[in-house]
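A.B. asks: In order, the protein sequences belong to chains A and B. Numbered continuously in the UniProt record's numbering, the first sequence closes out at residue 84. Numbered continuously in the UniProt record's numbering, the second sequence closes out at residue 416.
Note that these hints are calculated values from the structure, not bench results. Note that this is a predicted model, so its numbers are computed, not measured. Every residue, glycine too, gets a C-beta built ideally from N, C-alpha and C. Heads up, a few of these hints could be off.
Negatives, chain A to chain B, calculated, CB over 12 angstroms [stated by the list, open to error]:
{"hint": "1", "residue": "ASP26"}
{"hint": "2", "residue": "GLY57"}
{"hint": "3", "residue": "ARG80"}
{"hint": "4", "residue": "ARG83"}
Distance windows between CB atoms, simulated [as the list claims (entries may be wrong)]:
{"hint": "5", "chain 1": "B", "residue 1": "ASP286", "chain 2": "A", "residue 2": "GLU42", "range": "35 to 45 angstroms"}
{"hint": "6", "chain 1": "B", "residue 1": "GLY288", "chain 2": "A", "residue 2": "ARG80", "range": "45 to 55 angstroms"}
{"hint": "7", "chain 1": "B", "residue 1": "LEU13", "chain 2": "A", "residue 2": "GLU42", "range": "51 to 61 angstroms"}
{"hint": "8", "chain 1": "A", "residue 1": "TYR37", "chain 2": "B", "residue 2": "GLU145", "range": "42 to 52 angstroms"}
{"hint": "9", "chain 1": "A", "residue 1": "TYR37", "chain 2": "B", "residue 2": "ASN107", "range": "49 to 59 angstroms"}
{"hint": "10", "chain 1": "B", "residue 1": "HIS402", "chain 2": "A", "residue 2": "THR25", "range": "21 to 31 angstroms"}
{"hint": "11", "chain 1": "B", "residue 1": "SER30", "chain 2": "A", "residue 2": "THR25", "range": "45 to 55 angstroms"}
{"hint": "12", "chain 1": "B", "residue 1": "HIS402", "chain 2": "A", "residue 2": "VAL23", "range": "18 to 28 angstroms"}
{"hint": "13", "chain 1": "A", "residue 1": "VAL73", "chain 2": "B", "residue 2": "GLY197", "range": "47 to 57 angstroms"}
{"hint": "14", "chain 1": "B", "residue 1": "GLY69", "chain 2": "A", "residue 2": "MET1", "range": "24 to 34 angstroms"}
{"hint": "15", "chain 1": "B", "residue 1": "LYS287", "chain 2": "A", "residue 2": "MET1", "range": "24 to 34 angstroms"}
{"hint": "16", "chain 1": "B", "residue 1": "THR222", "chain 2": "A", "residue 2": "ASP36", "range": "25 to 35 angstroms"}
Listed here are the chains, written in short residue letters.
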Amino acid sequence: MRLTCPLCGPRDVREFSYRGDAVLTDRPTTPEGFHDYVHIRENPAGPHDELWHHGAGCGGWLKVRRDTVTHEVLSVALAREARS
Amino acid sequence: MQFSAWEIIKQGLTGNKGWKPHWRDPEPKSAYDVIIIGGGGHGLATAFYLAKEHGITNVAVLEKGYIGGGNVGRNTTIVRANYGLPGNSEFYSHSLKLWEGMEQELNYNTMMSQRHVLNLCHSDGQRDAFTRRANTMLIQGDDAEVLSRRQVRDYAPFLNFDNERFPIRGGLLHRRGGTARHDAVAWGYARGADMRGVDIIQNCEVTGFRIEQGRIKGVETTRGFIGAGKVGMAVAGRTTQVGQMAGLRLPIESHVLQAFVTEGLKPIIPGVVTFGMGHFYLSQSDKGGLVFGGDLDFYNSYAARGNLPAVEHVMQAGMSMVPMIGKARVLRSWGGIMDMTMDGSPIIDRTPVEGLFLNGGWCYGGFKAVPGSGHVFAHLIATGNHHKASTKHLLNRFETGHVIDEETTGAQPNLH
Ligand SMILES: Cc1cc2nc3c(=O)[nH]c(=O)nc-3n(C[C@H](O)[C@H](O)[C@H](O)COP(=O)(O)OP(=O)(O)OC[C@H]3O[C@@H](n4cnc5c(N)ncnc54)[C@H](O)[C@@H]3O)c2cc1C
Ligand SMILES: [Zn+2]
Numbered sequence: 001m002r003l004t005c006p007l008c009g010p011r012d013v014r015e016f017s018y019r020g021d022a023v024l025t026d027r028p029t030t031p032e033g034f035h036d037y038v039h040i041r042e043n044p045a046g047p048h049d050e051l052w053h054h055g056a057g058c059g060g061w062l063k064v065r066r067d068t069v070t071h072e073v074l075s076v077a078l079a080r081e082a083r084s
Numbered sequence: 001m002q003f004s005a006w007e008i009i010k011q012g013l014t015g016n017k018g019w020k021p022h023w024r025d026p027e028p029k030s031a032y033d034v035i036i037i038g039g040g041g042h043g044l045a046t047a048f049y050l051a052k053e054h055g056i057t058n059v060a061v062l063e064k065g066y067i068g069g070g071n072v073g074r075n076t077t078i079v080r081a082n083y084g085l086p087g088n089s090e091f092y093s094h095s096l097k098l099w100e101g102m103e104q105e106l107n108y109n110t111m112m113s114q115r116h117v118l119n120l121c122h123s124d125g126q127r128d129a130f131t132r133r134a135n136t137m138l139i140q141g142d143d144a145e146v147l148s149r150r151q152v153r154d155y156a157p158f159l160n161f162d163n164e165r166f167p168i169r170g171g172l173l174h175r176r177g178g179t180a181r182h183d184a185v186a187w188g189y190a191r192g193a194d195m196r197g198v199d200i201i202q203n204c205e206v207t208g209f210r211i212e213q214g215r216i217k218g219v220e221t222t223r224g225f226i227g228a229g230k231v232g233m234a235v236a237g238r239t240t241q242v243g244q245m246a247g248l249r250l251p252i253e254s255h256v257l258q259a260f261v262t263e264g265l266k267p268i269i270p271g272v273v274t275f276g277m278g279h280f281y282l283s284q285s286d287k288g289g290l291v292f293g294g295d296l297d298f299y300n301s302y303a304a305r306g307n308l309p310a311v312e313h314v315m316q317a318g319m320s321m322v323p324m325i326g327k328a329r330v331l332r333s334w335g336g337i338m339d340m341t342m343d344g345s346p347i348i349d350r351t352p353v354e355g356l357f358l359n360g361g362w363c364y365g366g367f368k369a370v371p372g373s374g375h376v377f378a379h380l381i382a383t384g385n386h387h388k389a390s391t392k393h394l395l396n397r398f399e400t401g402h403v404i405d406e407e408t409t410g411a412q413p414n415l416h
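Construct all of the structure, not just a fragment, from the sequences and the given hints.
C.D. replies: This is the structure we're talking about:
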């Protein structure tokens, strides 16, 4: 599997570490939202938005859309830009 | 059919032509007292204990594929009771005791072999942690021995004791741990449940729930609607999807875990040896194949196959701990979908839907749990109360803060 980092180009998956569902960039503003934010996941069988860290490259956080059934990578963007 | 030495001799002398299928292949009835979704180890054991312990025999197990096609037939068969936290300690202890009586209870050769589990440690700190864990296991009533480096060398001289990064300083030996034949466990429980009247229905996928006024009425399946007074879910890697059909939102991510087996060799590995720091563990099957594996592939996945970086990592870790295995040829590798929870421990509980019960989140440790899980889940479904061996595997523990996080890695499923 390869991820095409917007800054570094196509790189082997071993250069990246996985953090989990991209909902982690939507930090809740009230205490009530925190249980969901920390624990509950959609966990889809199919396209999934997720966070990867390019630790052995540019050090950027990436938001990757990837199919969890086929492992096909559908899109990669810098997490900061994908948020706004 | 009861198995006995006499039966084996008789069949052997008559060309083994008289063996019959071990369970029936019934058409689903229009309704059951209890429906269990998922014909893996947990679903089958639950049905068995519902019938055996609680006399509830109007039960169906609905399996979308075939018996043994899920994780129960894909795991590396390690059975142990060496957990460290309240909640898990008493549960796995309970399960191991059931393993010890399983073959008699089922009249089935599940090849349960208490050939020991040895965990290696590499530093003073890790040795202290092992000593603490050993004491926890002893207090629970299970067995544990802390071995010195020298004792580990006597036990398993083939290990690499002087690895630069992880020299072996000792180990934790659990003699009642070991391995079993995974398929036979599924078949044994299926046969035992069937003999007591449970319908095992394969090729029957649950596609929805019928819920009226917050109460379960039955399930929609690829073979039509089937009514039920109570429904238990035991669908392992598919827990999120099946839960969603009932409106549940769960603290689970699905990940793939791989395993490997080599060609058959003469006996060389005494029991199960784990090299936790390198993410590697190894045993030898009764056929002689070296069975080994390591960590998850680390990202969410529903593919029952893995990626090459994880293969490379497992092989490297194996070579650094047991250099001699480099001479063996790997025959096969495969993957299974793990229902990883946010604290690495399972969920055995009621759900907000009345009459719907949840058994899931087994992560990569659910094989050893099969008898215990079936036993306590049947108790919960039959009586409405938690069995005393499983009072802490609650669905709302994430919300209340009563998580059972053995690895202390927090809400990050791929690190458990
Ligand atoms: C490579 C690997 C190694 C492992 N090693 C170990 C080990 O050494 N020790 C250990 O303790 N554990 C181990 N495990 C974990 C263990 O295998 C699992 O935790 C356990 O088997 C899960 O429970 P089960 O047997 O009920 O699951 P499964 O056998 O997966 O059963 C679930 C069943 O539900 C069915 N299902 C799903 N959705 C539906 C639906 N909608 N309708 C009907 N049926 C449905 C599936 O087809 C499946 O058959 C390992 C797992 C893997 C993959
Ligand atoms: Zn980069």
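A.B. asks: Now, for every hint given, state plainly whether the structure supports it.
C.D. replies: We went through each hint and held it up to the structure:
Annotated as non-interface, A/ASP26 keeps its C-beta farther than 12 angstroms from every C-beta of chain B; the closest such distance is 15 angstroms. Chain B leaves A/GLY57 outside its interface by the beta-carbon criterion, the shortest separation being 15 angstroms against a cut-off of 12 angstroms. Chain B leaves A/ARG80 outside its interface by the beta-carbon criterion, the shortest separation being 21 angstroms against a cut-off of 12 angstroms. Distance to chain B confirms A/ARG83 as a non-interface residue, since its nearest Cβ pair spans about 20 angstroms, more than 12 angstroms.
Checked against the hint of 35 to 45 angstroms, the C-beta distance between B/ASP286 and A/GLU42 comes to roughly 42 angstroms, which is consistent with it. Between B/GLY288 and A/ARG80, the C-beta spacing of about 54 angstroms keeps the proposed range 45 to 55 angstroms intact. Checking the proposed 51 to 61 angstroms range against B/LEU13 and A/GLU42 shows it holds: the Cβ atoms sit about 59 angstroms from each other. Evaluation of the 42 to 52 angstroms hint for A/TYR37 and B/GLU145 yields a pass: the beta carbon distance comes to about 43 angstroms.
Distance hint for A/TYR37 and B/ASN107: a CB-CB separation of about 50 angstroms, consistent with the stated range 49 to 59 angstroms. The given range of 21 to 31 angstroms is respected by B/HIS402 and A/THR25, whose C-beta atoms sit roughly 28 angstroms from each other. The given range of 45 to 55 angstroms is respected by B/SER30 and A/THR25, whose C-beta atoms sit roughly 49 angstroms from each other. Evaluation of the 18 to 28 angstroms hint for B/HIS402 and A/VAL23 yields a pass: the beta carbon distance comes to about 23 angstroms.
Checked against the given bound of 47 to 57 angstroms, the beta carbons of A/VAL73 and B/GLY197, roughly 50 angstroms apart, stay inside it. At roughly 26 angstroms, the beta carbons of B/GLY69 and A/MET1 sit within the given window of 24 to 34 angstroms. Distance hint check: the CB atoms of B/LYS287 and A/MET1 are about 33 angstroms apart, consistent with the given range 24 to 34 angstroms. For the pair B/THR222 and A/ASP36, the supplied restraint of 25 to 35 angstroms holds, since their beta-carbon distance comes to about 32 angstroms.
In the structure shown, no violation is registered for any of the earlier numbered hints.
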